[in-house]
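Following the working numbering, the numbering of the sequence shown begins with 853 at its first residue and continues without gaps.
No lab work stands behind these hints, which were simulated from the structure alone. Here a beta-carbon is modelled for each residue, glycine too, at the ideal position from N, C-alpha and C. Take the hints with a grain of salt, since some may be wrong.
[Stated by the list, open to error] FRET-style restraints, in silico, Cβ to Cβ:
1. G977 / T892: 20 to 26 Å
2. G896 / V1001: 27 to 33 Å
3. G962 / L918: 17 to 23 Å
4. T897 / R969: 28 to 34 Å
5. A991 / T856: 33 to 39 Å
6. P924 / G964: 34 to 40 Å
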Amino acid sequence: MAVTYDASPAISGTGHDHVIWLPGLSFAENNFDFNGGVFTENYGTGTATLSGTAVKGGNGFIINALFSGYVPNSDPDSIADAPNTPKDEGFAADAGNWWYYTATSGTLGGIGGFNNRYFSFVRKGPAFQAGYGASGKNANFGSSGWLDVF
């Protein structure tokens, strides 16, 4: 069984409204927001995918990500394998209902002014987390994680 969620723009109310932040890149624009996309969880395989376009000012990236190593919050022994989780920015209605993916990988393909720029990424730091408040932006359904981009 698969469940699909729309990937929508981030709304934090704190001024940190972005879906992806790429501070290590030497671009004038390093905060990007979704302009269409989907997050799909595949319950039978313990994986999820994220695909969509993140833009700012007509420039941005086509994102394709794979998350694997599903860990339900109800399995405290497995959560120990997901270091530094949960990462709660204070918006969690109930972090006890979040779930995690211990592996993350994917690609970014440039569009607009970033055309012909391609990057890969993998998980960095805490496991990717999902659930209500998990984005760190607001208490709505969301997700978050850190990436090594190369």
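Verification of the supplied hints:
| no. | hint | in the structure |
| --- | --- | --- |
| 1 | G977 / T892: 20 to 26 Å | holds (24 Å) |
| 2 | G896 / V1001: 27 to 33 Å | holds (30 Å) |
| 3 | G962 / L918: 17 to 23 Å | holds (20 Å) |
| 4 | T897 / R969: 28 to 34 Å | holds (31 Å) |
| 5 | A991 / T856: 33 to 39 Å | violated (21 Å) |
| 6 | P924 / G964: 34 to 40 Å | holds (39 Å) |
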